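Heads up: the sequence lines are chains A and B, in that order. According to my numbering, the first sequence holds residues 1 to 373 in order. According to my numbering, the second sequence holds residues 374 to 897 in order.
Treat the hints as calculated values from the structure; they're not laboratory data. One or more hints might be untrue.
Here are the computed lysine-lysine pairs in the DSBU-like style, where the Cα-Cα straight-line distance is at most 30 Å [stated by the list, open to error]:
hint, chain 1, residue 1, chain 2, residue 2
1, B, K565, A, K72
2, B, K795, A, K72
3, A, K297, B, K865
4, A, K124, A, K179
5, A, K297, A, K316
6, B, K869, A, K369
7, A, K69, B, K897
8, A, K142, A, K124
9, B, K795, A, K297
10, A, K142, A, K157
Cβ-to-Cβ under 8 Å is the rule here; a few derived chain B residues that face chain A [claimed, not checked]:
hint, residue
11, A647
12, S656
13, V708
14, G735
15, V741
16, Q830
Simulated restraints, written as ranges between beta carbons of each label pair [to be verified]:
hint, chain 1, residue 1, chain 2, residue 2, range
17, A, A263, B, I840, 48 to 54 Å
18, A, P162, B, L436, 22 to 28 Å
19, B, T562, A, T86, 21 to 27 Å
20, A, R372, B, H603, 24 to 30 Å
21, B, N555, A, I100, 52 to 58 Å
22, A, A317, B, T602, 31 to 37 Å
23, B, W409, A, F81, 36 to 42 Å
Values in this document were obtained by computation on a predicted structure and should not be read as measured data. Backbone N, C-alpha and C define an ideal beta-carbon position, used for all residues, glycine too.
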Amino acid sequence: MGLRRALPVVLAAACASLAAAAWADYQINFPPPKSSLAYAINDLHILIMWVCVGIFIVVFGTMFYAIWKHRKSVGHQAAQFHESTTVEIIWTAIPFLILIGMAWPATRLILEQKDTSNPDVTIKVTGYQWKWEYDYLQDGVKFMSVLATPREQIENKAPKGPNYLLEVDEPMVVPVGKKVRLLLTANDVIHAWWVPALGVKQDTIPGFIRDAWFTATEPGTYRGQCAELCGKDHGFMPIVVEVKSEADYAAWLADKKAKVAAAAADAGKVFSKEELMARGATVYNANCASCHMPDGKGLPGVFPAITGSKVATGAKAGHIGIVLAGKPGSAMPAFGPQLNDADIAAVVTYQRNGLGNSTGDLVQPAEIKALRK
Amino acid sequence: MQAHALEHEHGHGAPSGLMRWVTTTNHKDIGTLYLWFAAVMFLLAGSMAMAIRAELFQPGLQLVSPDFFNQLTTLHGLIMVFGVIMPAMTGFANWQVPLMIGAPDMAFPRMNNWSFWILPAAAILLVISLFLPGGAAAAGWTLYPPLFIQGGISYDLTIFAIHILGASSIMGSLNIITTILNMRAPGMTLMKMPLFVWTWLITAFLLIAVMPVLAGAVTMLLTDRNFDTHFFNAAGGGDPVLFQHVFWFFGHPEVYILILPAFGIVSQIIPTFARKPLFGYASMVYATASIAILSFLVWAHHMFTVGMPAVGQLYFMYATMLIAVPTGVKVFNWVATMWRGSLTFETPMLFAIAFVALFTIGGFTGLVLAMAPVDIQLHDTYYVVAHFHYVLVSGALFAIYAGVYYWLPKWTGHMYNETLGKWHFWLSMISFNVLFFPQHFLGLAGMPRRIPDYAVQFTEFNMISSIGGFVFGASQILMLIVVLQCIRGGRKAEAKPWEGAQGLEWTVPSPAPYHTFETPPVVK
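Could you put together the complete structure from these sequences and hints?
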């Protein structure tokens with residue numbers, strides 16, 4: 001067992017070093033498993049695959065033998081047999097028995113996958129078009145996780161990094177060896193949270209909560225992607241999970257809590273225009289740019305422009321209202337529950353004074369607080 | 374019957390001009406129309422696949438925007454399923470069912486005309502949706518809400534197109550069932566029917582059962598989109614997953630609608646070129662019927678990741694695995710038919726053999742996907758893309774090719790160019806595998822489907838796959854050339870151009886006269 005588990009690690013390390021040098025990567029099986037479930041899935045898959053390969057060789061060995069030996073061109077005369085109940089019964093029964101042999105381990109694994117009881121950590125995962133939110137319910141820590149690959153790499157204006165499209169600004173962090181239970185839902189359309197190395201894929205369904213679990217077997221960074229078509233940027237909402245030792249996890253959590261406290265303090269602050277514009281640009285690129293485009297011009301016929309729009313150049317309250325509450329029946333989500341007052345104030349200011357607009361007015365966090373219902 | 378009387382007054386030949394095709398009630402003309410419609414749609418949806426593979430040749434966005442990419446995958450899927458495979462199979466049914474059972478025409482010739490001529494309307498709706506504001510539907514051929522609810526006007530056109538396609542299929546199926554059950558030549562009992570006729574009879578029942586289900590599902594989408602119903606909206610008490618259950622209750626039998634007639638075609642061709650009767654005819658019929666019945670009981674295996682309870686997962690896994698049994702029986706019977714035959718390898722036989730081997734690979738990956746715990750990893754990845762292209766391209770499409778080469782002499786009166794046919798086969802067979810086999814690896818390694826851009830570690834296999842794709846696409850032009858050549862001329866085909874062929878269709882001259890079996894033949 002030791003060798004079997006060590007081998008994929010060695011191979012993965014070898015592959016990783018190669019991938020860094022070039023894109024030379026012909027991986028033909030699952031990524032090296034890093035959770036108890038992923039190991040079990042791997043083993044089951046390999047078992048089933050070899051059974052299939054075995055049957056294929058027997059059946060098509062027979063067929064190709066016939067193709068070789070029973071050709072008219074070598075003078076083979078056709079036999080005229082065309083029925084045998086015995087043979088039919090045999091080749092109905094044997095596959096049936098093989099299937100029972102396959103069903104047994106699969107059944108045990110399903111029951112294990114479905115057992116989400118007694119978790120050590122519970123994290124609520126929410127899918128948005130096109131990002132993920134992680135909410136550590138026991139610790140009051142909540143943040144968005146957005147694609148970190150720069151636009152220039154996607155548009156082929158800069159060389160692609162080794163984690164191209166599989167990198168985020170803030171990864172989900174979990175402790176190693178602990179049972180992590182995920183509560184999954186979505187805000188707009190169906191997404192699917194998937195990290196191959198952890199053996200978890202679960203659709204996130206708006207209005208419903210599903211659960212899944214994993215216990216990571218070793219520290220590291222594991223990457224995955226949304227697996228359910230969720231619109232334009234479905235290919236651009238990766239998932240990154242950092243598995244840390246218990247001590248590192250505790251340190252990370254403490255740091256996060258301190259940031260939550262700092263953000264709460266921002267809510268009462270009055271910012272300068274430069275501060276709002278700089279922060280607003282960051283918020284805009286992370287939340288708005290995928291639809292309204294980085295230059296604010298939108299996608300004609302699909303997503304409206306910010307530049308010169310009635311909303312972004314009209315009254316402040318109307319603009320803030322749409323950002324807070326979204327536009328029902330369209331792809332515009334409610335950002336009220338997603339962003340804090342300072343972020344919304346900054347992004348509204350940015351939209352009104354950047355992207356080709358110049359209303360000249362500033363929005364402060366206190367105004368957002370007042371308009372929140 | 375009135376149409377027949379009219380035609381008799383005007384003699385027995387085909388009327389000429391464009392109106393011949395618009396007003397025709399002749400099963401052979403309508404079969405031809407269906408097949409050409411499928412060919413045109415195949416070129417359209419195929420060129421979309423070429424654009425998809427071109428975009429995926431390298432990581433990064435090069436040719437199309439992500440939104441347009443989603444439109445391409447959506448239309449490619451919808452058109453290939455509803456505009457290519459289904460019409461092509463109906464074309465075969467129109468041409469061959471009356472010829473094989475000794476009937477003069479289909480039971481309802483005028484409805485037959487309508488069931489074809491509403492198809493172009495649906496195709497036009499889908500094509501113009503590309504040019505409307507916001508572009509065509511981009512929510513995938515599976516139309517899942519709430520994503521489908523977000524789209525613009527073209528999404529409504531897509532719904533109407535599906536309604537029309539469904540109506541066409543239901544009319545076609547009623548026609549086929551009535552024809553088969555009522556118009557067989559004296560002496561042709563059900564258990565003497567050629568297997569192609571059997572598979573189409575069962576397929577037609579499947580179509581009548583499930584097309585209304587699809588129509589219901591898309592109608593609910595329509596009212597959710599336009600009339601504030603909340604069938605699939607949790608905020609209004611609905612459930613997005615309900616759509617998936619209804620869709621796949623249609624969708625899984627649909628898979629067999631696409632493949633059962635293919636089983637039928639191959640079951641005609643293999644005995645011909647093995648010069649030996651089909652092994653286990655009765656068990657083939659029972660296996661087809663078992664597959665059809667099971668197909669209604671397994672739909673949620675397309676939904677193992679939605680979060681079903683453990684019992685749900687277990688039931689759908691067991692039921693799905695069970696399908697391997699009758700499918701296995703069919704494969705074993707084909708191999709047993711070839712065993713100790715006297716085999717020759719003309720183009721139809723080559724495609725039929727490739728069908729058996731490659732469809733079986735698709736069947737095996739289907740078995741892997743049926744294992745719910747493994748499917749958790751593979752669902753919505755390129756592994757699934759590879760799986761269903763093995764069953765639909767090397768399965769259904771290769772069977773269509775086999776059937777076209779097999780019956781082309783009967784349809785045109787000429788032999789096709791065997792050398793070019795073999796070139797078409799070998800190029801298609803090799804490039805198909807270069808195209809789709811690496812996609813298994815991509816899926817296993819973690820590449821989701823329906824993405825316009827991908828992580829760099831998937832580059833090599835995507836390049837290989839795209840190269841295979843371009844060769845496969847180009848090879849299909851060869852098929853077009855062979856068919857056009859064959860229509861225009863070539864060596865004269867005898868009534869029975871294949872030495873080992875059996876069946877009534879080979880008792881009429883080649884090309885088959887405009888009217889056949891006006892006096893029913895007697896089957897011993």
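Here is how each hint holds up against the structure:
| no. | hint | result |
| --- | --- | --- |
| 1 | B:K565 / A:K72 | holds, 28 Å |
| 2 | B:K795 / A:K72 | holds, 18 Å |
| 3 | A:K297 / B:K865 | violated, 64 Å |
| 4 | A:K124 / A:K179 | holds, 14 Å |
| 5 | A:K297 / A:K316 | holds, 20 Å |
| 6 | B:K869 / A:K369 | violated, 85 Å |
| 7 | A:K69 / B:K897 | violated, 34 Å |
| 8 | A:K142 / A:K124 | holds, 9 Å |
| 9 | B:K795 / A:K297 | violated, 53 Å |
| 10 | A:K142 / A:K157 | violated, 34 Å |
| 11 | A647 | holds, 7 Å |
| 12 | S656 | holds, 5 Å |
| 13 | V708 | holds, 5 Å |
| 14 | G735 | violated, 11 Å |
| 15 | V741 | holds, 5 Å |
| 16 | Q830 | holds, 4 Å |
| 17 | A:A263 / B:I840: 48 to 54 Å | holds, 51 Å |
| 18 | A:P162 / B:L436: 22 to 28 Å | holds, 24 Å |
| 19 | B:T562 / A:T86: 21 to 27 Å | holds, 25 Å |
| 20 | A:R372 / B:H603: 24 to 30 Å | holds, 27 Å |
| 21 | B:N555 / A:I100: 52 to 58 Å | violated, 43 Å |
| 22 | A:A317 / B:T602: 31 to 37 Å | holds, 33 Å |
| 23 | B:W409 / A:F81: 36 to 42 Å | holds, 41 Å |
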